[in-house]
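*Asks:* The primary structure of each chain is shown beneath.
2 protein chains.
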Amino acid sequence: MNAINKTHSLVVGLNVPAEVGMSIDEVSTPALIVDLDAFENNVKIMRDFIRKTGVRHRAHAKTHKSADIALYQIEHGDACGICCQKVAEAEALVDGGIKDVLVSNQVVDPKKIDRLAQLAKKARVLVCVDDISNVDDLSAAASKHKVTIECLVEIDCGAGRCGVQWGDPVVAIARKIAASNGLTFSGIQAYQGAAQHIHDFEERKGKIDIAVKQVSETIDMLKAEGLECDIIGGAGTGTYYFEGESGIYNEMQCGSYIFMDADYQRVKDQSGGLISEFENSLFILTSVMSKAKPDKAICDAGLKAQSVDSGLPVIYGRDDIEYIKCADEHGVITDPNNTLKLNDRLKLVPGHCDPTCNVYDWFVGVRGDKVECLWPITARGMAF
Amino acid sequence: MNAINKTHSLVVGLNVPAEVGMSIDEVSTPALIVDLDAFENNVKIMRDFIRKTGVRHRAHAKTHKSADIALYQIEHGDACGICCQKVAEAEALVDGGIKDVLVSNQVVDPKKIDRLAQLAKKARVLVCVDDISNVDDLSAAASKHKVTIECLVEIDCGAGRCGVQWGDPVVAIARKIAASNGLTFSGIQAYQGAAQHIHDFEERKGKIDIAVKQVSETIDMLKAEGLECDIIGGAGTGTYYFEGESGIYNEMQCGSYIFMDADYQRVKDQSGGLISEFENSLFILTSVMSKAKPDKAICDAGLKAQSVDSGLPVIYGRDDIEYIKCADEHGVITDPNNTLKLNDRLKLVPGHCDPTCNVYDWFVGVRGDKVECLWPITARGMAF
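Here the protein sequences come in this chain order: A and B.
For the working numbering, count along the first sequence from 1 and bump the result up by 265.
For the working numbering, count along the second sequence from 1 and bump the result up by 265.
Simulated from the structure, these hints should not be mistaken for lab results.
All of these numbers come straight from a predicted model, not from anything done at the bench.
Be aware that one or more of the hints could be misleading.
It does not matter which identical chain is used: a pair holds within one copy or between any two.
[Said to hold, decoys possible] DSSO-like, lysine-lysine: derived pairs with alpha carbons at most 30 angstroms apart:
no.: 1; residue 1: K558; residue 2: K488
no.: 2; residue 1: K561; residue 2: K376
no.: 3; residue 1: K561; residue 2: K364
no.: 4; residue 1: K590; residue 2: K376
no.: 5; residue 1: K606; residue 2: K635
Isolated chain A (complex conformation) (with noise of 0.2 angstroms):
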């Protein structure tokens, strides 16, 4: 399972949309398919960014929850090991062979710190904290099962979800930790999720800025109380040259290069263009349903084939036609020029890539027009 040119023995059936060797055009629609010489080149680019600035890149799986797609992540982009969000997702996902899981997220449920607690024994395990009754929780368990667990505190840089204020209430758990058995205090979370898809370059880059000044105040703060952090870690496909050149930053946390989404594709570099470093390789392969009408054709992909809370697919490589609207099993499309027909495939490009992989159970890999691999999406549907 681990291999990217493993060859899958399944039958096409129930929720098997394809088997290897098949052309592209045999393939039930709708499915997920990853062109994968732009996924092989998206991974390529981020890991010459890695060597080249020296900053480590922990690569987040709560993109794609394939342990395929992860440890190719390791082996070809030098990842130092991933993220995922959740307790079941990195438990997936150590049972793929994934030996360094960082849940980049808050574990506060007792039987869920019992779990992770656990899963210690089998890879190394990190978790972030923000709240310092927490850290007591987490102690005890990794003593009750005689592991380490390495805690990152986390800092609300600006996303106003989890994390604490940076500055004092940081050093206040990260001391705990540090005197706590069974933990590691292993360095801070600062992720700053809502400048990823800011489409300015100045005004993404400012609220990194706010960010990197903030954690690095604070890491000063640590360091007088003899708090040193193995990982500062952060950044996303959106900001990652601001961190990862920041000096400050050392881990990064990068999903949705590997993959790109149309919302994404709407960010902007320096100049007003596109951030076109990394390709799509992630379509919606859908074909047309219904051609009842001249103007319009119905495909095979809803709400149930996508996530839309970013905005429409938009259609790769048509500029003449426009998916105008999502219905549960149902994508409305314009068609001016009266050019579809039924059964004709498209590719659409998700609006949000992370959401969309998680309805689907296998992404179809696929060279030029051949399907090359079938990887199960492992961790799909591990919410908790």
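Following the hints, complete the assembly by docking chain B onto the known chain A.
*Replies:* Relative to the frame of chain A, chain B by itself:
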């Protein structure tokens, strides 16, 4: 797998959030829970309506994708069969024991047509048609597999998706179906999908009045050609009382009524009140996982735990707090009075039930505070 009180013997782990007999407070979150009292009452209300009006009800399984629930609707709700939207969904539900399935959608891909014909060996199979060339393909597959496929001609009565115009185009396709080997012309599909969620009563009624008129005139034209409609089907949770009492429609296709969702609860009755005959029975059980700020809490149900296409979820039974933002893995909840604490549990009414069910593997059935059953979401992800 087919009885509502069946005890599943499962180990809670990776993707199993609960076990029968546990308290709701022990369920791993986020989880999709069904309040069985409310669910059963919703089924009973619809059963009473069809008994009173004499129309049939072909319950729409696209909402729940569960064989257990479909069988309950047939056994306890007098449903005459089910609808679903995809061939893979139909295959999974027939495997789960359903004997009468309408794919209330077009099936035009040659491989899917072949699978549909094979399914007709195991169950009564009906499908919608809106293209005359599709009739030949369906007929060839039915003849090849020596089965009968029943066909409904779909009218676009205002939804703007699949379906031909009422009148002559329907008659032309119906005539061809009736003359084709292996096929039976069984009637008309006329679902006004765009009317279901119109909040204003009179506006909603106006849309169905138009549909009823189109259907009625088409039936007369078919009759003049000797083509009788066994099924005149359509209607959803937002409009069923119009179609059900129209004297024209004879088979309803409601889905959401068993669960309801936040958007359906914005749909008003004649006097401007809520269409309150159905109760909320479906909830996302979520936990507070971060409480680093006094006026805000972060819960563990984000975009991978629901679909927000029809709006954010509503927190059940709490007017003092509000779910205001949904990220991939997090929900942001206002907490102006700082009442929430870590691990507090909340019940969310999903914004849109159908695509929300599609991201879970299990319904956790609860009665009062106790888990009574686990129902697999049989056709989860089966979009092709």
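*Asks:* Each hint should be assessed against the structure and marked as holding or not.
*Replies:* Hint by hint, here is what the structure shows:
1. K558 - K488: Between. Shortest inter-copy distance 26 angstroms satisfies the 30 angstroms Cα cut-off; intra-copy 68 angstroms does not.
2. K561 - K376: between (51 angstroms within a copy, 24 angstroms between copies)
3. K561 - K364: Cα proximity of K561 and K364: none, with 50 angstroms in one copy and 35 angstroms across.
4. K590 - K376: between (42 angstroms within a copy, 27 angstroms between copies)
5. K606 - K635: within (23 angstroms within a copy, 52 angstroms between copies)
Taken one by one, the earlier hints fail for this structure only at number 3.
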